[in-house]
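Asker: Protein sequence lines, in the order shown, are assigned to chains A and B.
All residue numbers for the first sequence refer to my numbering, where the first residue is 1 and numbers rise by one.
All residue numbers for the second sequence refer to my numbering, where the first residue is 285 and numbers rise by one.
Rather than coming from a laboratory, the hints here were simulated on the basis of the structure.
Each hint should be verified, as a subset may be incorrect.
To be verified - The following label-pair restraints were derived from C-beta to C-beta distances:
| # | chain 1 | residue 1 | chain 2 | residue 2 | range |
| --- | --- | --- | --- | --- | --- |
| 1 | B | Ala367 | A | Glu48 | 46 to 54 Å |
| 2 | A | Asp233 | B | Cys381 | 55 to 63 Å |
| 3 | B | Pro369 | A | Arg63 | 40 to 48 Å |
| 4 | A | Arg181 | B | Pro291 | 37 to 45 Å |
| 5 | A | Glu278 | B | Pro291 | 55 to 63 Å |
| 6 | A | Gly198 | B | Arg424 | 34 to 42 Å |
| 7 | B | His330 | A | Gln238 | 35 to 43 Å |
| 8 | A | Gly198 | B | Val444 | 35 to 43 Å |
| 9 | A | Ala234 | B | Ala367 | 56 to 64 Å |
Stated by the list, open to error - A few chain A positions that, by computed beta-carbon distances, are all more than 10 Å from chain B:
| # | residue |
| --- | --- |
| 10 | Ala19 |
| 11 | Ile23 |
| 12 | Gly26 |
| 13 | Val30 |
| 14 | Pro31 |
| 15 | Ala34 |
| 16 | Leu43 |
| 17 | Asp45 |
| 18 | Cys71 |
| 19 | Gly125 |
| 20 | Val136 |
| 21 | Arg181 |
| 22 | Gly222 |
| 23 | Ala225 |
| 24 | Val246 |
| 25 | Ser257 |
What the hints assert, rightly or not - Which residues of chain A face chain B? A few of them, derived with a C-beta cut under 7 Å, are:
| # | residue |
| --- | --- |
| 26 | Lys21 |
| 27 | Ala91 |
| 28 | His95 |
| 29 | Gln97 |
| 30 | Ser180 |
We put the beta carbon where it would ideally sit given N, CA and C, even for glycine.
As a plain string of letters, each chain reads:
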Amino acid sequence: MRAGSVAEACELLRQDGDAIKLIAGGQSLVPMMAMRLARPSRLVDINEIAALKFVALEPDIVRIGACTRQCVLEQNDALAARVPLLRQALAWVGHVQTRNRGTIGGSVAHADPAAELPLAAQVLGARMMLRSTAGVRCVPAEAFFAGPLATAIEPHECLEEIHWPVWSEHRIGSAFTEVSRRHGDFAIVAAAAQIAVGDDGRCIRANFGLGGGGQTPLAFPGLAAHLLGTRMDAAVVQSVAQDAAVELDPGNDLHASAGYRKRLAAVLAARTLRTAYELARGKP
Amino acid sequence: MSETLYPISVEVNGVERKAQVPARLSVVDWLREELRLTGTHVGCEHGICGACSIMLDGEPVRSCLMYAVQADGHRVTTVEGLAQPDGSLSVLQDSFCQLHGLQCGYCTPGMLIAAQGLLDTTPCPTDEQIREAIGGNLCRCTGYQQIVDAVKHAAARLAVKR
Chain A
1 MRAGSVAEAC ELLRQDGDAI KLIAGGQSLV PMMAMRLARP SRLVDINEIA
51 ALKFVALEPD IVRIGACTRQ CVLEQNDALA ARVPLLRQAL AWVGHVQTRN
101 RGTIGGSVAH ADPAAELPLA AQVLGARMML RSTAGVRCVP AEAFFAGPLA
151 TAIEPHECLE EIHWPVWSEH RIGSAFTEVS RRHGDFAIVA AAAQIAVGDD
201 GRCIRANFGL GGGGQTPLAF PGLAAHLLGT RMDAAVVQSV AQDAAVELDP
251 GNDLHASAGY RKRLAAVLAA RTLRTAYELA RGKP
Chain B
285 MSETLYPISV EVNGVERKAQ VPARLSVVDW LREELRLTGT HVGCEHGICG
335 ACSIMLDGEP VRSCLMYAVQ ADGHRVTTVE GLAQPDGSLS VLQDSFCQLH
385 GLQCGYCTPG MLIAAQGLLD TTPCPTDEQI REAIGGNLCR CTGYQQIVDA
435 VKHAAARLAV KR
């Protein structure tokens, strides 16, 4: 059935949350249903709720409605100026046809360990606003992703908004890259980084993360702190990237062995860190 | 046990179509089996191959990943709707014929919808843009080069027309 408002969706979830699955773009849920990996007894369609589709630029954050289509975000220049990593990540999400229908909240709530938007959320420290009939609670990305296809969303809750922090530093650079069998496929490994640089060309703020390397996408704020005050030369970047790769616990499958994924993770992490730094340093 | 039916009203290729559908019916199955619009093909049925692409409110989407009830109140264009009002082929369709942009033809409706979606927003696409636009469509005959050529050819023909 179709929910006409967030309040209506929350009321339905309150009554029967365990049996209900919310459907947004359906680009992950419907394939899972087609393969009988998901068998929800009821679907509640939130696609027609206009209040869930918006981009609000505020001084320190960008608020994005959960049901905003990925294609709409990809084309939003003002958003790209404030949160550049988001556009860079979106370019790797599926294909034109899936981005026309897929939503930002759907991708984040689906929480595929190799998906791009959850990784961007981890690196930027996005905050998920979860609505229920009892009110709203805010869950930061680090506490939100609980495992493969598992999040902190309770059965009676609906992901309503995602808040993306905007870095206030003057010179910021970000980068996203991944290796997949074909562009648009799930990443074997994905990497993302955002760096801020001071007037003297030294790193003043940094974070980076890796996807596809374990149960959830991971950010490495502790390791990124080693970059502060440096000019991010190859040696320091590689050592930080190596240390991050060591922390991963990737799986073995037909497409790539765990060892290959770890090596790839170190290479891609270093690459995004360097690219983000160079972009930041090149800013006027 | 009879399944609950839901009333829907969808504009398909410019014509208002009303129906009663079960919640579990996908858009592509509704188009093919009830409306007999068999131009749209069913391939993988889980959003990978792109053969079932249609336009929803003017944008290419996968019709196997949408339920017919969700199309209620929206506008759908299928490959049949790309042809001209008299039934003759559009410039894009004709360009696929001219440059052999198809072999077995299974992926063709999806390729045409993807290409039309591109030309609607980008009348003079680069090769890179064409490849990006059809990136979500699989051709197992692997005739991609002629498909790219056909889209380029169509863009050039349409530019002359304007």
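Asker: Is 37 to 45 Å a correct range for the gap between the Cβ atoms of Arg181(A) and Pro291(B)?
Answerer: Cβ of Arg181(A) to Cβ of Pro291(B): about 43 Å, so the range 37 to 45 Å holds.
Asker: Honestly, do Ala234(A) and Ala367(B) meet the 56 to 64 Å range at C-beta?
Answerer: Holds: the Cβ-Cβ distance is about 58 Å, inside 56 to 64 Å.
Asker: Taking the minimum C-beta separation from Ala225(A) to chain B, is that value above 10 Å?
Answerer: 37 Å, holds
Asker: Just to be sure I understand the hint, the distance between the Cβ atoms of His330(B) and Gln238(A) should be within 35 to 43 Å; is that true here?
Answerer: 40 Å, holds
Asker: Minimum Cβ separation between Ser257(A) and chain B greater than 10 Å?
Answerer: 24 Å, holds
Asker: Is the interface hint for Ala91(A) satisfied, with its Cβ closer than 7 Å to some Cβ of chain B?
Answerer: 9 Å, violated
Asker: Are Ser180(A) and chain B close enough, Cβ to Cβ, to be under 7 Å, as the hint says?
Answerer: 12 Å, violated
Asker: So the hint says 40 to 48 Å: do the beta-carbon atoms of Pro369(B) and Arg63(A) match that?
Answerer: 45 Å, holds
Asker: Quick one, is the His95(A) hint okay against chain B at 7 Å, beta carbons?
Answerer: 3 Å, holds
Asker: Evaluate the condition: distance from the CB of Gly26(A) to the nearest CB of chain B exceeds 10 Å.
Answerer: With a cut-off of 10 Å, Gly26(A) comes too close to chain B, as the shortest Cβ separation is near 5 Å.
Asker: Run the C-beta distances from Ala19(A) to all of chain B and say if the shortest one exceeds 10 Å.
Answerer: The assertion about Ala19(A) holds, with a minimum of 14 Å to chain B.
Asker: Is the distance from the Cβ of Gly198(A) to the Cβ of Arg424(B) consistent with 34 to 42 Å?
Answerer: 53 Å, violated
Comparing the model with each numbered hint stated earlier shows that hints 1, 6, 8, 11, 12, 13, 14, 15, 16, 17, 18, 26, 27, 30 do not hold.
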